[in-house]
Amino acid sequence: MPYKFIEHTADIAVEVEGKSIEEIFISAFNAWKDIVLDITAVKNEQSKKFLFASKTLEELLIEFLSELNYQLYTKKWVVNSINKILIQKTGEIFHLDVEVFGESLKNKNHAIKEEIKAVTFHQMKIVEKNGNLSTIIVFDI
Amino acid sequence: MEINGIKIEKINDYLWEIPAQGGMLVPGRIYASQKMLEESIKNDEALKQVINVAHLPGIQMFSLAMPDIHWGYGFPIGGVAATDLDEGVISPGGVGYDINCGVRLARTSLKYEEIKHKIQRLIEVLFQNIPTGVGSSGAIRKLSPSEIKRILKNGAEWAIENGFGSQEDLLYTEENGKLKDANPESVSERAIERGLDQAGTLGSGNHFLEVDVVEEIYDEKVAEVFGLFKGQIVILIHTGSRGLGYQICDDYLKLLVQSEKKFGFKLPDKQLACAPIKSQEGQDYLSAMRCAANFAWNNRQIIMHLAKKSFKETFSISDSELGFQLIYDVCHNIAKIEEHVIIDKNGKEKTKKVCVHRKGATRAYPAGSLLIPEKYRSVGQPVLIPGDMGRYSFIAVGKEKSMEETFGSSCHGAGRVQSRHQAMKSAKGKDLIKELTDSGIVIQAKGYKTIAEEMPHAYKDVSEVVDVMHFAGISTKVAKLKPIGVIKG
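Sequences listed follow chains B and U, in order.
With our numbering as the guide, the letters of the first sequence map in order to residues 1 to 141.
With our numbering as the guide, the letters of the second sequence map in order to residues 1001 to 1489.
Bound conformation, chain B alone (with noise of 0.2 Å):
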């Protein structure tokens, strides 16, 4: 799924593009693993499911994110792959029900490149652009 960095002067950003919601969030996900740490080492060890609602895509999207976040800096449990993703509109609610892979972190094994201090608002905007989605996500770190 494709995503490319932006330059930032003081933070990390990234755009991230997709054919549906779904890959959006894919690509985001493969993003911020790029971002995080090395993850090559990282095994399908075990499975985690979340449910979110929100009301708009983007703050679903920062939950998203924030959640891969408190997972592995305070769980030290590392996200590696999705499972199975689903993003649903309910009335004027958005859901995303997520299943991810991953296991606990390992210091031998996984080194932590960087800490997100959070998953910003700045510039988020999922949009039409060249028949794809598109949005910034700009990390503060």
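Honestly, the hints are just simulated from the structure, not real lab data.
Hints may contain errors.
[Said to hold, decoys possible] Quick look at which bits of chain U chain B covers, simulated, 3 or more residues with Cβ under 8 Å:
no.	stretch
1	1188-1199
2	1203-1210
3	1249-1257
4	1411-1424
From the three backbone atoms N, C-alpha and C, an ideal C-beta is built for every residue, glycine too.
Once you have looked at the hints, place chain U on chain B.
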């Protein structure tokens, strides 16, 4: 002059104004030299953010920017705004994710000449005793949620009660290391969980502990009051509220973005999400933010104690020989209720309480203020301005003009000039550790990447920033510090 389509009027060589237009409730004011405006400030959207902040309901007099202004989230970094307590708002974007990120300066009686042969060892011991790096933990035993809640309520008092320093340290900490009306019930379980093993840890990014030598004294009288002399060894600690603070900002930003409609605000940027100070949401954020501020003061207090211990261990000397003393601890990401003279649109002056947001700005109270330690009342509050790890940092002192013009605020640091990516690229093929060692700076960091990203050339020259505030009469220079040893994440 016009920068990026924004009209700017010159008030004097160091102060510029963006006249109120459109939805701006007050003008914007920027402290900078013409060179800074034309060469660095124009390179990002920070001026637009000064304009955006001027839209905040209840903003008083000016939307201010210090000379280290750069693009932030909602507020620019280096932004200062005061809002009315009845009609105004509080905005997490005006504080930032790292609540009460701040700087602490401690003195010793040691002279550079006496210890220069042992700097390497000192840095090794500091690095061993103070956890650094991403998600660093374990400076002290892991605390229980109820102990964390006591820290959130009592701030640096917790550290003193638990043997990490002396009562006197509290006197030399802004707000005595504790903001009142901090109710841990306003803090999420997740935020508390993130703080469980992070008390006394430095973290990563631009946070550091630096051993410096006092290289130059600009104001002998003030330096003497602060206990500084040329050739002296001092330490600077720069860190904040760690994951606990980030989580609080995240939690409340989310809540306030969702409440925008309820409050009827139409703001130019989501990161400016805010709540009326009087509302439940506003009060809850203020309370949670104070909790994070208290956590940060406690954090810097523990780190300082661990640093003192490291000095004693390295040099095998007594307390009196070491002469270790806290000079001051200031926060530079905070919102506080303070009393200021406010001039309304009709030119009428009134002294009243306002909510001062300082995002990347340091309080700079002048001589005579009852809110600074008694020892400093004849000269003013120490203003601590770290630079990059290769050049210098500055100690300044708050002046009366800060109360007249900037709600008692000054600048806070250098600000990046290169992105992390650019810094990494320009570090390629260089032996940065050797380059630093050759220039007399010993460094220990968790990873080479941090060293490369935080290299001196990645930052602006902090002396230009400090000079603007000096010549503007907001805070004047007291001393220059040169780093000789650094530990980083």
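Query raised in the report: Hint by hint, which ones does this structure get wrong, listed from lowest number up?
Result: none
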